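Number of protein chains: 2
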Amino acid sequence: MKIDFILPSEIEKRSFEIISEELSKMGISIPEEQEPITKRVIHTSADFDYASTMTYSDGAIARAKELIKNGAHIVTDTNMALSGINKKKLAEYGGQVHCFMADEDVAKEAKERQVTRATVSMERAAALDVPVIFAIGNAPTALIQLHEMMESGKFTPEFVIGVPVGFVNVVAAKELFLNSNVPFIINKGRKGGSNIAAAIVNAILYNIDK
Amino acid sequence: MKIDFILPSEIEKRSFEIISEELSKMGISIPEEQEPITKRVIHTSADFDYASTMTYSDGAIARAKELIKNGAHIVTDTNMALSGINKKKLAEYGGQVHCFMADEDVAKEAKERQVTRATVSMERAAALDVPVIFAIGNAPTALIQLHEMMESGKFTPEFVIGVPVGFVNVVAAKELFLNSNVPFIINKGRKGGSNIAAAIVNAILYNIDK
Chain A
354 MKIDFILPSE
364 IEKRSFEIIS
374 EELSKMGISI
384 PEEQEPITKR
394 VIHTSADFDY
404 ASTMTYSDGA
414 IARAKELIKN
424 GAHIVTDTNM
434 ALSGINKKKL
444 AEYGGQVHCF
454 MADEDVAKEA
464 KERQVTRATV
474 SMERAAALDV
484 PVIFAIGNAP
494 TALIQLHEMM
504 ESGKFTPEFV
514 IGVPVGFVNV
524 VAAKELFLNS
534 NVPFIINKGR
544 KGGSNIAAAI
554 VNAILYNIDK
Chain B
354 MKIDFILPSE
364 IEKRSFEIIS
374 EELSKMGISI
384 PEEQEPITKR
394 VIHTSADFDY
404 ASTMTYSDGA
414 IARAKELIKN
424 GAHIVTDTNM
434 ALSGINKKKL
444 AEYGGQVHCF
454 MADEDVAKEA
464 KERQVTRATV
474 SMERAAALDV
484 PVIFAIGNAP
494 TALIQLHEMM
504 ESGKFTPEFV
514 IGVPVGFVNV
524 VAAKELFLNS
534 NVPFIINKGR
544 KGGSNIAAAI
554 VNAILYNIDK
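So the protein lines, in turn, are chains A and B. Start counting the first sequence at 354; every next residue gets the next number (our numbering). Start counting the second sequence at 354; every next residue gets the next number (our numbering).
The following block holds chain A by itself, in its conformation from the complex (with noise of 0.2 Å):
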């Protein structure tokens, strides 16, 4: 197999092109609005099983884009997505990244009140002064308190990228906010990532233009 002399920048216009021609391949179209936030999950994870569960509420694109150009913050639970986030283009609109689960006195907090360190990094969030988009790629159990918090009246996310990856409690954590009130976009079943969350915020960032 041969190495295509190629470069590094035009990687990924061919990359996209690959993804665009194997989807129409196999006979899936995605609707437009979707198709660069879908395509860019893809092209980070090399699995085309994202093209048929990415999941997205009416209108989601849309209003993620205007909350990001409204200064809204985005809170991830994990360090590895807060560090794939685009938080120089984030800046641009006014925007930070927080994640606060590895923070040393929210283990402290969550240990002493009997909680996990996901509940605490989920009021921590809540309390932020600022809209906020929580892009959540690992833990199901922050998905399980945003939506205890919204159930007991205590606070109610903007906008929920559910994408949390694994085998215990995740589907149903994602079956939370897909049949809730709450703009998502969420990947169904097993799949998803700190990879994943932070590839679907750069790709609304992208694109927010469009």
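Everything labelled a hint here was simulated from the structure, so no lab data went into it. Since we're looking at a predicted model, the values are computed, not measured. Incorrect hints may appear among the rest.
A pair counts as met if it fits within one copy or between any two copies, since identical chains are not told apart.
Calculated cross-link-like contacts (lysine-lysine; reagent style PhoX-like; alpha-carbon spacing at most 25 Å) [stated by the list, open to error]:
no.	residue 1	residue 2
1	K541	K441
2	K541	K378
3	K422	K378
4	K418	K461
5	K366	K464
6	K541	K366
7	K422	K442
8	K541	K422
9	K464	K440
10	K442	K563
Keeping the supplied structure of chain A fixed, place chain B upon it in accordance with the hints.
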């Protein structure tokens, strides 16, 4: 679908049990030494394809453990992978994780010399005064550059974890190492990623004394 009340500390254990059960149902058996690594990759991605594409050179895992125990450093190609690797655990053996790709002076030098940032990054890694395990989750160019340095006799890596993801040059770049004498852990095909690279390093660390 119901939410199981399960302690976060128990979720990982239960997840690995589910992975084992499902692999068994699929009739897939993984060599004992490779099991903790391949299963952690599946745990990270919820993607059972990895069971058939993860490829190990003879004695690779024992060699990687030996390198880490002797203080080898890890060089990776994304800050996401750097963020995901358990640096505290690695430091117990004297190791550190480096990622040169996003350094400003690497970008500057790459521009001046009209080469890729991956090229400059791999040169910097080769100049480290310690044995290095390369954990490449994103840039096929990094693998290609490493291979060129080997071919020209400039440098031979001690170990390569080659799991870049994507559609252009990724499969070919991995094949360069599948046919080399360098000890490797490679995921054949298009799949991989920064999260996969971090999962492999962590699985080695978590099982280092087994």
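Would you list, in rising numerical order, the hints stated earlier that this structure does not obey?
1, 3, 4 and 8
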